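**Student:** Here is what each chain is made of, one letter per residue.
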Amino acid sequence: MSSTITKVAARTESLRKVYGEGDASVEALRGVTLEFAAAGFTAIMGPSGSGKSTLLHCLAGLDTPTEGHVFIGDVDITTLSERLLTQLRRDKIGFVFQAYNLIPTLTAGENITLPLDIAGRDVDRAWFDEVVDTTGLRDRLSHKPTELSGGQQQRVAGARALVSRPEIVFADEPTGNLDSRSSDELLTFLRGAVTDHGQTIVMVTHDARAASYADRAVFLGDGQVVDEMQAPTAERILDRLKSLEV
Amino acid sequence: MLRATVKSLLARKLRLVLTALAIVLGVGFTAGTFVLTDTALKSFDDLFGQVYANTDVVVQAHQAFNPTEGGGGGGGGGQELNPIPERLLPSVRAVPGVRFAEGSVQSFAQIVDPATGKTIQSGGAPTIGSSWSPDLSPFTLEPGGAPPVGPHEVVIDAGTAGDHHLTVGQHVRVVTPAASDEYTISGFVRFGSSNSLLGASFAIFDLPTAQRLFQREGAFDFIYVQGDGSSTPEQLAARIAGVLPHGFDAITGTSAASQQQDQVNQGLGFLRTGLLVFGFVALFVGAFIIFNTFNIVVTQRSRELALFRALGAMRRQVMTSVLVEAAVVGLVASVIGVLVGIVLAIGLKALVAAVGLKLPPTALVIAPRTVLVSLVLGTTITVAAAVSPARRASRVAPIEALRESTAPSSSIRRRVIVGTLVTVVGVGSLAVGLFGGVSNAGYLVGLGAALTFVGVAMLSPLIARPIASTLGRPFRGRIAGKLGGENANRNPRRTASTAAALMIGLGLVTFVAVFAASLKSSVTAVLDRTLRSDLMLTASQFSPFSPQLARGLSSSPDFSAVSPLRQGAEAKVGSSTTFPVGIDPATITEVASIEMDAGSITGLSEPNTVAVSRTEADGKHLAVGGTLQMQFARTGSRRLTVVGIFEPNALLNDYAVSLGTYDANVAQQLDSTVFLKYATGVDQATARANLEALVARDYPSVEVNDQAQTKATYVKQVDQFFAIVYVLLILSVLISAFGIVNTLGLSIYERIRELGLLRAVGMSRRQVKRMIRVEAVIIAVLGALLGLVVGILFGWAMQRALSSVGIDRLAIPFAQLVFMLIVAALIGLLAAIWPARRAAKLNVLEAISYE
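The listed protein sequences correspond, in order, to chains A and B.
Mapping to the numbering used here: the first sequence position 15 is 1226, numbers consecutive.
Mapping to the numbering used here: the second sequence position 550 is 1635, numbers consecutive.
To be clear, the hints were calculated from the coordinates, so they are not data collected in a lab.
Just so you know, these numbers come straight off a predicted model, no measurement behind them.
Be a bit skeptical, because a hint or two may be false.
[To be verified] Calculated lysine-lysine pairs in the DSSO-like style (CA-CA distance at most 30 angstroms, straight line): (1) B:K1567 - A:K1303; (2) B:K1854 - B:K1567; (3) A:K1355 - B:K1567.
[As the list claims (entries may be wrong)] Residues from chain A that face chain B, not an exhaustive set, calculated with beta carbons under 8 angstroms: (4) R1300; (5) I1314; (6) A1330; (7) S1353; (8) H1354.
Where is the CB? At the ideal position from N, CA and C, for every residue including glycine.
Required output: the full structure, derived from the provided sequences and hints.
**Tutor:** Shown next as structure tokens:
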């Protein structure tokens, strides 16, 4: 890669993941080696079953690879105990899932500070305010999730992912349940986090338009990296995807 | 639809098991009670059959009624029978068809263990004295022994001899109504194949000795007759009856056995009813858990149910499917419950044997009634508890299948109206039962209590939120605690109805605690007020003792007043049973201050007079100068003139008569208490020491207590009794703990995504566990608080209802209640163990990629 001078936020080495055993086994990842530069926004794309979600789960320490290594910063997380892995997720990683991102009993504000509360860390008020202002949800902080729209909920989830200043944020189809306007709002928010605050984001998506917000698109097919693209646009991505699906 | 039901049942085995457990325990206890009491009855049946095996006909005095052989009370031989004059024996022997006829006397006889100097008594088993019957004995002499002959020999049952290492030829002290003396053991006896008769101790003397020791000179209690086989026992009994004077009956051995069986039946009947109450309470608590579980499950399955509806299932079919599920759960649980009950009965039997009541080795009696009642009860309760959830399930609209939504719940308004109504009816019937003076008050009180619990449970969701919020406050500092508190709060109905199950158990515990404290406080206050004696002589195990002791002391210069009190014989006034007290009107006022409403206690010195408590006098409209009919088992109906009306107190029951009147109508003329007052100028310590030495030598069963000790002894007895009640209530509390486990388990299943999210963003397993524990503790403490309130109100109502009979103080044992709250919190922690572990073990990836 050309990014040897850039700091690497996360990387994988010959990552393999096999589900099941014997004849019934499925190889979801077949030797994936990737680097994610700090302050970069990477979209991972690929058809269903290409292994993109598995890759994200392994990167985030939610799933353990069968072979290979995952580094978050300098730490090889495949060697960590469940306890240390939990702490790593808490302190170094931010998440945005497709849905069910928020705890229904907590207000939007409490949801945002959840990882800090779990860690028992103090909230950096200035940073909190900045993040909240970017989401445009200041007047909604005391609302419960059920009182927010889908787009607002996802922005709260985004704010939560950023508030603990993680080394890397993983987003799994974050716009999957949103209409195009809400999608744009969320993606603009994520893009801003990368551009303005140097946040590293890795996002799995099958939406070309969403991927066009990223600096780089990585294409997965059948458990392997088949291509990647710098400064992608929606058209180029769609063309590439078509060729992959043939 | 049916197949879908069965499939859904099997798919959730664990939930099934937890739900069923509530019913299993309740049914188990009920079935166990039946099996235990049936088995005990069968044992007694066999026993009486053996005792009367050689006896065709029994001659005994006529009884006005058959007194209850109530609570075991160790007296033994307390036959309320007139003695039979010896001169009747020759005429009975002369009746054609009689092979043998023997007179027999029975009373109590306490054997003193030579090793310890204490009277031998195992548990509540009687200490029986009997005369030896050479020809018709139900006893078999063990080899190496000989029948008792003369005034210095005794035969003892092999069971007692074995337990206390007695040997033939050894000297033992035996306390009988007339004497306390040493006798030489001439042999041991067994009863058929059994060493012991239910743990009772037997001291058997030859007839003349027994007559003297049991104060039956020239008389018998029974004449046992064996025929020569030429006629049936019925014919023989009829012929013998022909030669008996008025007042004596000849009955067959079989009917004598069944008469005694009836007495035991009544006693065991009380025991059965008492135990069944606890079984029903357990089932009642179980019903709450069934209701709760089905409600949660209906909510969770609402999409599935809606799909059925969308596919064309009728409402009725949906409802039926839920009810069928309940019926299957109920039936399976009841079947297991019956099996558990049998095991429980074996355990209880062993327990009963351990405290001394040795049942003969009879196989367990499992009557068809036991199985039927248990199955019907368990299944009915389960189905009944599921009716409301089933109705709710049937109201799920088909459109719900397409929506992310929960099953509809009845409006809060309706809930408030119905809940209030049920509570009002419950409290109303409770009040009528307690204060209305109606018959069957017990059922009314039970029903009222049950309805009150249901009503409060229905209303409790209204207050669950604020209370749960308050309870959660101390935990809010940390995120796990905060989330746990919020979870307890998010579905107040679920939290409240889970807590309600615990409320019942702890409500009853609170009620018992308040009642026991009030009882102790009231009675000790009354004792303080009433007792003026310095010392009291009482016998352990409530067994009365020889009046010789009081007679001997009355001539002692150490005491200025010696006042014996006798009680224990059952009598009837109208249809109600009472236990009149015999007192010495001349001395009672010196040892006790009896507050008189009208008349005087000294008026009792006239024969055939009675003093009545104010409550009883009010209830029966009695006034000084009026008369009442009191029926005694031995002498029949007696007209007594009312000479005084006294305020209820701890010493006298409802009716007090003079010792003379008592002895004229009651066969067992033994003292149950003797009150003593020191003479002035006497060195009290020496006087007491002398008295204790005398008692230890001649009356080993008697205890000497001063006022403080009397109170302490009384408090200890009350505590012991209520300790048993607490133990029996633990069952219900245990079941409600299962309810908490169940609700938490189901809630976790429901919140699986949320838990996954929390774990994904870095919540540790410990924090997850803590979160679940906080929720459980809040639920448990909420239940305990509700229970405290209801229990204190019940206790207060009970105390008010009984204030007229002497429980005139309300005492609330705060320390005990605080302890209970702590225990409730611990129950919550225990109940959370399994759900917390489950939640912590959750696979994060599976949880978040669910669906």
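**Student:** Taking the hints in turn, state whether each one holds.
**Tutor:** Hints, one by one, checked against the model:
no., hint, in the structure
1, B:K1567 - A:K1303, "holds (24 angstroms)"
2, B:K1854 - B:K1567, "holds (13 angstroms)"
3, A:K1355 - B:K1567, "holds (15 angstroms)"
4, R1300, "holds (5 angstroms)"
5, I1314, "holds (6 angstroms)"
6, A1330, "holds (7 angstroms)"
7, S1353, "violated (14 angstroms)"
8, H1354, "violated (15 angstroms)"
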